[in-house]
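As they're listed, the protein sequences go chains A and B. If you read the first sequence in this note's numbering, its first letter stands for residue -16, the second for the next number, and so on. If you read the second sequence in this note's numbering, its first letter stands for residue -16, the second for the next number, and so on.
These are calculated hints, taken from the structure and not from any lab test. Misleading hints may appear alongside valid ones.
Copies of one chain are not kept apart here, so a pair can be met inside one copy or by any two copies together.
Below, simulated DSS-like cross-link-like pairs (lysine-lysine); rule was C-alpha separation at most 27 Å, straight line [to be verified]: (1) Lys287 <-> Lys329; (2) Lys314 <-> Lys340; (3) Lys75 <-> Lys60; (4) Lys340 <-> Lys287; (5) Lys32 <-> Lys75; (6) Lys178 <-> Lys30; (7) Lys30 <-> Lys75.
Predicted, not measured: the structure shown is a model, and the values here were computed from it.
There are 2 protein chains.
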Amino acid sequence: AFYRRIFKENNVDPSSIKSLDNFNKIPFTTKQHLRQAYPLGIICVPKEKIVRIQMSGGTTGQPVIVPYTRKDVEQWKKTMLRAFYIAEITSKDVIQITPAFGLWNGGFGFHFAADAIDAFVIPIGAGNTRNQVRFMVDFGTTVLCATASYPLRIAEVASEMGYDPSELPVQKMLLGAEPWSDEMRKQIERTFDAKTFDIPGLTEMGGVGTVGFECPMRNGLHMWEDQYIVEIVDPETGEVVDDGEEGEIVYTSLTREAMPLIRYRSGEVSAVKYRERSECGIEHMTIKRIRGRTDDMIIYRGVKFYPYDVEQILASYGIKHYKIEVKKDIKIVFEGENGILPEIAKDIREYLGFNPKLEALPFGSLERFEGKAKRLVRG
Amino acid sequence: AFYRRIFKENNVDPSSIKSLDNFNKIPFTTKQHLRQAYPLGIICVPKEKIVRIQMSGGTTGQPVIVPYTRKDVEQWKKTMLRAFYIAEITSKDVIQITPAFGLWNGGFGFHFAADAIDAFVIPIGAGNTRNQVRFMVDFGTTVLCATASYPLRIAEVASEMGYDPSELPVQKMLLGAEPWSDEMRKQIERTFDAKTFDIPGLTEMGGVGTVGFECPMRNGLHMWEDQYIVEIVDPETGEVVDDGEEGEIVYTSLTREAMPLIRYRSGEVSAVKYRERSECGIEHMTIKRIRGRTDDMIIYRGVKFYPYDVEQILASYGIKHYKIEVKKDIKIVFEGENGILPEIAKDIREYLGFNPKLEALPFGSLERFEGKAKRLVRG
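Same shape as in the complex, but just chain A (with noise of 0.2 Å):
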């Protein structure tokens, strides 16, 4: 009933659609149909067959909720499985899970994979930091399953309690929810001498990650084309572009039963890096990590650019934690010394395009975050 509305209001007549070759005919779905689908207005099964809901926003404005199948949640543990497949997590594994558990997905996507292979299980959750510290040393944690920022944090904390955070047991990391740099990861390494993976997934999709992985080798990430179909489409005008050509990503879901999303914008920019079989071995597409999300785009006098690509810059230095205020100008504040203010000017100019103003503030001066980081400011 949802998508019949939707392709009636797009004129499109859905028995047009007879092959991938005019699939870009049909009309896109998005989070605001989503929000006016509240509570359950888009289920494509009877209510009896939902065995439990995750919810993505709802901080501000209508939440958007997300039904799961029991063959949903297969589907979500499943390819989570893939995940800690290709990172070698294993049965002798401690899995330390610090994302929230309840509505947010993140918590329980790890946890369910987790829980499956009969790893060492910390469901600790969001928050307190040092309590997280402490039980990684006391409990030997292996793996951090985390937002892509929260390690710096820990990386803090541990050293405030007297630990090298490199001494800490942790060999890998599986991180994600929010853009992070090339530049921040070589940080992450080396402030903790583990590896680190890039997990995709969002909540409308099916949680962290139900849409793809990345393989030790860093190719980009590896998109599971059995589960969904992964179009990039330029934002403004919705059509697909060549590949290589940066967009915004939409996905079509092939698997999922409760809420099988046709063309959805997710607002995540990235760029096919290349179809044919990885030398990794995995034989889907691969696109290239996640720049930045579309509402985080900033234009400045003509120059677009997101807070991944100062992160980059900035991290190159060793800064960790910064804020890009965008009012009429654009003000970057850090933690650092002031006297590397010139050269990173120089290669903002160099790289972006733009005259930042910069600001250095002493070491601990900006908030912390133990979720998502939030770096960017409007004015």
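Given chain A, put chain B in place with the hints provided.
Structure of chain B alone, referenced to chain A:
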């Protein structure tokens, strides 16, 4: 190794314990022992067999860690499924789980069973009572899992939001984690037009739902004797008391693998009601609902009582929110009319045998709780 040491410290030769007749020669295990064993000093299986941990306490002092093997998780699920079976909770139900998820055992305990029967699970966890109410309405919650005092808070917030709590779709509530009086139960059931079930359980024995349940006939708590040996002892002498006499519950787990505690002093106060088959058909022993914890016992001029006893009297006057301040004297503060003060004073004198100071406050003056209520303040 853990029990070898305890036996030695108590000069008990384990080989002398040959039958249940001298079972009471075995020394007690206490919370203090578990604290000292942090993190995993007490496990009886190799660390590789542990699949998760839960935690008790930890806000003050050394936390108590409860480790689980796969079989222990199955035991937890199985005992909770007994409760669901007795309460006639089925896959058709919409189960809203309001205790916190994470290391505290409440959320996951309900979750494992609710998930296993393919019910519609709302894994919302603790807090945000407005959202709790909203979700009850929007998803048609039929079963609410909560700490015993939380429904009172939910009722208040529902009223503020314009809902009559009795018109909410909730039909059954599984309430536990704190002692709650029969009078309070009557209030909750009247307020919501729902049936409540008392669900005991403590982290050290595997979490909520493991040790027993109450059947709809409400003869008391049926304790799973195929899973635990349940004794009631005199808290001072440690001697087993006669059936019918009140004392501290001591548990011995028969089926748990990772941490099978022997004669664990729970701190819970109850009495054996009867040992024969109950009218409902359950063949296990039956104890009184838990009246309090030994820690919460108040001794005032030779009179021993529990907050439960005060609650029982206050609730019979429709009072839902109260606080007991124990300093040199005892003062009971509650939300209600001044006019009923003399009657309450008379009842307390009559039933509990002391003259309390009483203070009536306007509605909304006292703190509200989303987890366990803190009603006893020692000064």
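Hints, one by one, checked against the model:
| no. | hint | result |
| --- | --- | --- |
| 1 | Lys287 <-> Lys329 | within (18 Å within a copy, 76 Å between copies) |
| 2 | Lys314 <-> Lys340 | within (5 Å within a copy, 61 Å between copies) |
| 3 | Lys75 <-> Lys60 | both (19 Å within a copy, 23 Å between copies) |
| 4 | Lys340 <-> Lys287 | within (17 Å within a copy, 70 Å between copies) |
| 5 | Lys32 <-> Lys75 | between (35 Å within a copy, 9 Å between copies) |
| 6 | Lys178 <-> Lys30 | between (42 Å within a copy, 24 Å between copies) |
| 7 | Lys30 <-> Lys75 | between (39 Å within a copy, 9 Å between copies) |
In summary, this structure violates none of the numbered hints.
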